[in-house]
Structures are given as structure tokens and as C-alpha cells.
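J.: Make a model of the complete structure from these sequences and hints.
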Amino acid sequence: MGVGRLKNQIIAKIITRFPSLAKRFIESYDPWKSVDIPWTPVVKALRNSTIAVVTTAGVHHIDQEPFNMKDPDGDPSCRVIDIRKPLSSLIITHDYYDHADADKDINIVFPFERLKEFEKDGIIGRVANIHYGFMGHITGRHIPALINRIAPEVARNLKEEKVDIVLLTPG
Amino acid sequence: MGLIQREIEKAGIPTIGVSIIREYSEKVKPPRTVFLKWPFGHPLGGPFNIAQQRVVLAETLWALYAIQVPGTIIDLPYRWRREKYEDMDINIILARGTKKSS
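If you're matching them up, the sequences are chains C and F in order.
The numbers in the first sequence follow my numbering, run straight up by one, and end at 171.
The numbers in the second sequence follow my numbering, run straight up by one, and end at 1102.
What the hints contain is simulated information worked out from the structure, not anything from laboratory work.
Accuracy of the hints is not assured; some may be wrong.
Between beta-carbon pairs, the in silico distance windows are [unchecked claim]:
1. C:R47 / F:W1080: 29 to 39 Å
2. C:I14 / F:R1096: 17 to 27 Å
3. C:R141 / F:E1086: 40 to 50 Å
We treat Cβ as the ideally placed atom computed from N, Cα and C, and that holds for glycine.
T.: Structure, rendered in C-alpha cells:
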């Protein structure tokens, strides 16, 4: 592992314990000027709805290419997570937060087992089979690709998969 | 995360996000957010704390239906530790004044 990645991982461990330190990063982060706020009304009852998760915690399957940790602007690409595959195939590649706890129990960032319980209890209609994993440290030059191409592609796929509700979780 | 959320909502699917950094959500303005003042990497709670994870999930799904104003951030009242999640009933959380829909 390079010195750069090690440094990022050490900083991530410190920030995980003291989230207020992250404010400095947010202030220096080139703010995306959000003026309008998109809005789709919720019309379907929870007990009839299909739910998918989009997580930016760096979750992917072990046989997929890991997220690129060498690019300082992050990696805007996306991984398809199929929960029909074994739980043991899910791993996290992300140097910008301490995922030691999530490595033990992935549900704290990608709560698919809890959603499965909600499905069984009749609280929600169905958990989608396909979910989407991003790495949540995407800045600078990658933002246009993320919002103009990759995120809309994921949204189209979710529509095709007849997903009614999307839950987003960070790292 | 908020940028992706905005695109999904724009495409016509209602979304709810869990935030650990309130300032980021205020800036990016996703349509619906629940905020927890918790350590990074733990949006749903602690590892194997199933009761805690279920409560957060229930609150989050409740917020999806409760939020009526775009850009709303709901501050969830839970402290990182010192809560008795086992005593909380997620059905009560979910039933609190959600609007009726078909």
C-alpha cells in the first residue's frame, strides 16, 4: 500500500472518532450549487413498495474491481450489488472512513438483512435483488460524470427494476 | 451521496437519505434526509446491534412519508450510545401520523 493511501486511512480513523473535524473538509469542498430540489411524491404504501439501497460506503462484491483509491478526486463508478449472492462476497473498498465495524457487520452501512426482516414482517413489500454501490469521496472533475451520466443511468436501471423507494446510506 | 439521491429523485423515484454530516446535506440539498450525530461509517448503528439498526431503518422509512417539504432534514433524537433500543417498538415508530396512501 502506498504512503498516500495509508495517510488517508489514518486521517479517516481520526475523523470517524471526531466528525466535527470533517467540517473543515466540507468548507474547503467546492460546493455544488443546489438551487432547485427535485421532488417525487410518495404515492405507494410502504407495505406494497419495493425498496433498493444505494450506498456510498464503498460496498461491492469481492470479484468486482475495487474502487480506485489512488485518484484524489475519488472514483465515480458504480458496482451492482446482488443480494442473492452470499453475504461473504460483500467487501468494502474505501479509505476515507474507518470501516472496521462495517467489515464486521455490513448492515450498519448496507442494511439489507434488516430490510429482509422488514419484508418478512410485512412492513415493506419487497427488497430488490439489485442494489448499487458507490464510493463516497467523489469531488472535482468527477462530479459532472457522476451527476450527468452515472447517477442517471443507475436511476434508469432502478426504474426498469420497478423500484418504488430508494434508501441512500453513506460511509 | 446527496448528489446521487437528487438524480434518482429527479428520475421519478422517491428517496430518503441517512446523513452523518448535516452541513453536507444542507449544502447539497437532497429532497429528504434524516440526520444522526453519529460516528462516520455507522449510519444504521453499531455492528450486530440489530435493535438499533431496526429503529433507525424504521425512523428513516417513516421520514420518507412524513416529509412534505423538499429539502427537509429531520434530526433523529438518538444518542450514539445510552439508548435502550430493545424497548422501542418499530411498529409504533412507523405508525406515528404517516399520511394514508394507497
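J.: The structure should be examined with respect to each hint, and the outcome stated for every one.
T.: Against the structure, the hints:
no. : hint                         : result
1   : C:R47 / F:W1080: 29 to 39 Å  : holds (31 Å)
2   : C:I14 / F:R1096: 17 to 27 Å  : violated (38 Å)
3   : C:R141 / F:E1086: 40 to 50 Å : holds (47 Å)
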